[in-house]
Amino acid sequence: MRRVSIIGIGTTPFGLLENKGLKEMGVIASWEAIRDANLSRDKIQAFYVGNFNSGMLERQETLAPLIASNLGLKRGIPCTKVEGACCSSSIAFREAFLLIGSGVYDIVLVCGVEKMTSASRALFTAGLSSALDKETEGIAGLTFPGFFAMLANRHMHTYGTTIEQMAMVARKNRKNSVVNPRARFRNSVTLEEILNSRLITDPLKLYDCCPVADGAAAVVLCAAEMSEEFTDQPIDVLGSAQAFGYSTLYEMNDAVSLPATIIAAKQAYEMGKIGPEDIDLIELHDCFTIAEIIDSEDLGFFAKGEGGRAVEAGLTEVGGEIPINPSGGLLSKGHPVGATGCGQIYEVVKQLRGDHENQVEDAEVGLTHNAGGTGAVVTVHILKKR
Amino acid sequence: MEGLRCDNCGKLYVPPKYLCTECDNGKLRIVKLSGKGEVFSHTTIRVPPLGLEDQSPYELLLVRLDEGINITTRISGKKREDIRIGDKVCFEKKEEGVYFFQVMS
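Chains as they are written, first to last, in the working numbering: chain A, 1 to 386; chain B, 1 to 105.
One chain only, chain A, in its complex shape (with noise of 0.2 Å):
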């Protein structure tokens, strides 16, 4: 396989886009991602698509040739959609990177989309448990707050993780994204507001939950020999692993950690030839706050069941040893859902250019984890400045 880059990156901001739609936000996005590549658009030689619910909440499927053809990209290349949940532009993206890798195409544009905030909350709702085993779990009446909730649950019988080390997360990503332009929240909030927020599914409470949010987030990829020839700060891809774990709660054996995760970083690390210890910076999936505490373990940043103690030490603060969602991750800078796995890899991308608004102090190494639904998907991905 031979070595891929980035060569550019764009996005919306996330949050609440009332006047824009898939298409609009998809073409912003990729657009510029070009226009950071200096690239010119006929040279894209493929286009992945990663989305998750646009059918269910906009009425609208078909998103790859159609944002294709509103960005102009070169009639005839082939557009395709990737869905995963939470995973979708990862997923793409990994896709982009293997066919780069194994030589099919030497640049592919990535675009990650989501609409939500024009859909109902139990519109909404229903398309984030369409993602769940409706023969199962969805008809039983669990949802996404309660599938992490369940987890919650056994990870503070079994640990002795507590409620305010989950807080603490929330409280530290709200206060890392006040400086990101394209965080949906830019206000800090305390460990008591966090606290006395109300329930959502015990123990989560309101701060414990990831906002929805629409946005768009785009990538170019391009081989390694060619990339000096668009950017002066190309950004490898050191690893890549996509890994299935479970679709239901009552089908893994224990409910403190997410398999795929597990599986998936040990693949990226290898692939890499680095381990956590090398990490300098990750942006992962903390859906939830609880998600955020075992995230952090399974990706082996630290022991089983330390995650929570680590939290509050203030390890993961963007000062710390291992500066987790510096960018305010899903908790703050938002969850459009589609859109998210290119978010993070824009997010990371920047911070490896030292051109980030919460810059961790020489970033060299960054790492991205994706996790889609119940962890049904998960992508890990590692990055590394030349």
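Do not take every clue at face value.
The calculated SDA-like cross-link candidates involving lysine to any residue, where the alpha carbons are at most 20 Å apart (straight line), are [said to hold, decoys possible]:
#	chain 1	residue 1	chain 2	residue 2
1	B	LYS32	B	GLU67
2	B	LYS11	A	ARG3
3	A	LYS385	A	LYS134
4	A	LYS134	B	GLU53
5	A	LYS134	B	GLU59
6	B	LYS94	A	GLY138
7	B	LYS88	A	ASP254
8	B	LYS32	B	GLY86
9	A	LYS134	B	TYR18
10	A	LYS134	B	LYS11
11	A	LYS134	B	GLY51
12	A	LYS20	A	GLU32
13	A	LYS23	A	GLY76
Rather than coming from a laboratory, the hints here were simulated on the basis of the structure.
Got chain A; can you put chain B on it based on the hints?
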């Protein structure tokens, strides 16, 4: 309470299941389960999905059956505030694909 057991490798499943996912040569046969277990985890859903608004808030349990496999279930009987991991439970019914367990005590 009914389960499914592979007649080749013996692996046990809670239905629905269409194939033994452990071995190549088995068929799944219906077996009787004890219906007994304990609470492995639990939560109270306060923001319900479409269709369950009138039942909210409601408890969901992740039960570890005595046979060593798990099942996600609603509780029958009145709403409880005091469910704990380890509480003993037993199967009451399966209605339209949804399992209902009773918390003993």
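Going back to the hint list, which numbers does this structure go against? Going through the list in order, the structure violates hints 2, 3, 8 and 10 and respects the others.
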